[in-house]
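For the record, the sequence lines run as chains A and B. Residues in the first sequence are numbered from 17 upward in steps of one, following my numbering. Residues in the second sequence are numbered from 17 upward in steps of one, following my numbering.
Since the hints were derived computationally from the structure, they do not count as laboratory data. Please note that the accuracy of each hint is not assured.
In this list, chains with the same sequence are indistinguishable; a pair is considered to hold if it fits within one copy or across any two.
Said to hold, decoys possible - With a cut-off of at most 27 Å between alpha-carbon atoms, the simulated BS3-like pairs for lysine-lysine come out as follows:
hint	residue 1	residue 2
1	149	92
2	92	45
3	45	258
4	57	45
5	149	258
6	195	140
7	92	148
8	195	101
9	129	101
10	195	129
11	228	29
12	195	148
13	195	85
14	258	140
15	101	149
16	140	29
17	92	140
18	148	101
19	92	160
20	35	140
21	148	245
22	160	35
23	140	45
24	101	29
25	29	92
26	45	29
Number of protein chains: 2
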Amino acid sequence: MRYLISIAYDGSKYNGYQKQVQGNTIQDKLEDVLTNINDKKRVSVSASGRTDSGVHALNQKVHFDLNIKITPDNLKRAMNSLLPKDIYVRDCVSVSDDFHARFDVKAKEYIYKINMGEYNPIEKDYIYQYCKKLDVVEMERALKYLEGTHDFKSFTSGDDVRDDYVRTIIQTNLIRDLKNVNMVTISFLGTGFMRYMVRNLVGTLIQIGEGKYKSTDIINILEAHDRRKAGMCADACGLYLKDVFYR
Amino acid sequence: MRYLISIAYDGSKYNGYQKQVQGNTIQDKLEDVLTNINDKKRVSVSASGRTDSGVHALNQKVHFDLNIKITPDNLKRAMNSLLPKDIYVRDCVSVSDDFHARFDVKAKEYIYKINMGEYNPIEKDYIYQYCKKLDVVEMERALKYLEGTHDFKSFTSGDDVRDDYVRTIIQTNLIRDLKNVNMVTISFLGTGFMRYMVRNLVGTLIQIGEGKYKSTDIINILEAHDRRKAGMCADACGLYLKDVFYR
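Extracted from the complex, chain A is given alone in its bound form:
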């Protein structure tokens, strides 16, 4: 039976979502717990995509097959009783055998949190502490140029070589917290994101907010198809995979 789970996690203590030689990944924790539940028969999981070390998730989606019979509700409970406290299964459903958590993605939403106010040690792993005023009006203008279908090669990792860098950003938002105007959240809803793409976009937006670039410069940066033209890569701690949508 194939299951799809929605998980939230605090990425700050892990080496990212995806399995790797050094271990200590979200995927390792999920597979260890599921193998235990599956009468010790090894379980492999497939996620909607990776998240880097320090990046958090509110609704990462993951599918896997189990040999045992268990209801989705009982599976959710069993997983949450065995997983570490910084990973939580929010939802579990059974899906058809041809459903795939990565290949069937229709859209994904990421959010990035910035604190322009005083440094807060309690939020250091959860919000990017910029601690200076940014020109958020200019940032929002630049953000809106990113909506639509573009070649985002300038915003990928320099060593990310592929045939197709074209992605569609369906909607963006820049929201200031009503209770704390120094808290800014930038959101991106898109058909797909390449590695470091959101962090490179946010880093460039921050440098636009600093006045290093103008909002219209983002058009030239997009057209350059060259990572060196874009701005810095923003810290992982402010980034959250908020949701994944399927066909």
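Following the hints, complete the assembly by docking chain B onto the known chain A.
Using the frame of chain A, we list chain B on its own:
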């Protein structure tokens, strides 16, 4: 020269504020950093009071004397460049030689955060995850009975033996977050709090919210002067020393 600093800290990785045999306390970190700044001459600090392991502070107040000459602004900068990222000096002023961060306290404010909604792994060290609905109206009624001058012996640690358990709670509040009604913050402004007092008060309020006690039972619990009559001790993670006020 005597200095008074206001510090914020994430208490989740420390064995509380106050120095102890096992080490790894906020006080240790402050004294190590200040001794370094003070040309390696040992500095001892005095705080407004201790906070337990896992308890956070938004404005803990601490005084100390230095042999070297340094402006408060430069001292703040020097401390923040040397302190670990989970302790932050928000403010630094020079004070008269007879000022004392503990003896001169006029009032203190604590807040306690409770999440009655879905478990959130990202906030596990910063909010008490209750994850069930509480009768907050009944809790607020009970909270109001705590205002005024009372003998709080029932809400102290069982092994806390002293002459005087009388304290004054000046003001209390129970606030539900406008954007998330499952987030409840309880605040206490008082002339002084004994060890575990706020956590024992909150634990009892939570059990009133569960229906284990009625709001009026809190009057009988106060009058019993007996720790065994009160409710549980609430988890440290939800508690913040919000502010300390001086004469």
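Verification of the supplied hints:
1. 149 to 92: between (43 Å within a copy, 21 Å between copies)
2. 92 to 45: Intra 15 Å, inter 41 Å, cutoff 27 Å: intra-copy only.
3. 45 to 258: For residue 45 and residue 258, the Cα distance is within 27 Å only inside one copy (20 Å; across copies 36 Å).
4. 57 to 45: within (15 Å within a copy, 47 Å between copies)
5. 149 to 258: So residue 149 and residue 258 pass the 27 Å test inside a copy (26 Å) and across (25 Å) alike.
6. 195 to 140: For residue 195 and residue 140, the Cα distance is within 27 Å both inside one copy (19 Å) and across copies (22 Å).
7. 92 to 148: This pair counts as between: shortest inter-copy Cα distance 17 Å, intra-copy 42 Å.
8. 195 to 101: between (29 Å within a copy, 25 Å between copies)
9. 129 to 101: Intra 23 Å, inter 18 Å, cutoff 27 Å: intra and inter.
10. 195 to 129: The answer is both: 15 Å in one copy and 17 Å across copies each meet 27 Å.
11. 228 to 29: neither (33 Å within a copy, 38 Å between copies)
12. 195 to 148: For residue 195 and residue 148, the Cα distance is within 27 Å both inside one copy (18 Å) and across copies (26 Å).
13. 195 to 85: This pair counts as neither: shortest intra-copy Cα distance 48 Å, inter-copy 40 Å.
14. 258 to 140: Answer is both; intra-copy 19 Å and inter-copy 18 Å each pass.
15. 101 to 149: Result: close only across copies, 21 Å inter versus 35 Å intra.
16. 140 to 29: both (13 Å within a copy, 13 Å between copies)
17. 92 to 140: between (30 Å within a copy, 19 Å between copies)
18. 148 to 101: between (33 Å within a copy, 18 Å between copies)
19. 92 to 160: neither (39 Å within a copy, 40 Å between copies)
20. 35 to 140: both (25 Å within a copy, 24 Å between copies)
21. 148 to 245: within (24 Å within a copy, 50 Å between copies)
22. 160 to 35: Classified as neither; 35 Å inside a copy, 52 Å across copies.
23. 140 to 45: both (24 Å within a copy, 18 Å between copies)
24. 101 to 29: Both ways: residue 101 and residue 29 sit 11 Å apart in one copy and 15 Å across, limit 27 Å.
25. 29 to 92: Answer is within; shortest intra-copy Cα gap is 23 Å, inter-copy 29 Å.
26. 45 to 29: both (12 Å within a copy, 22 Å between copies)
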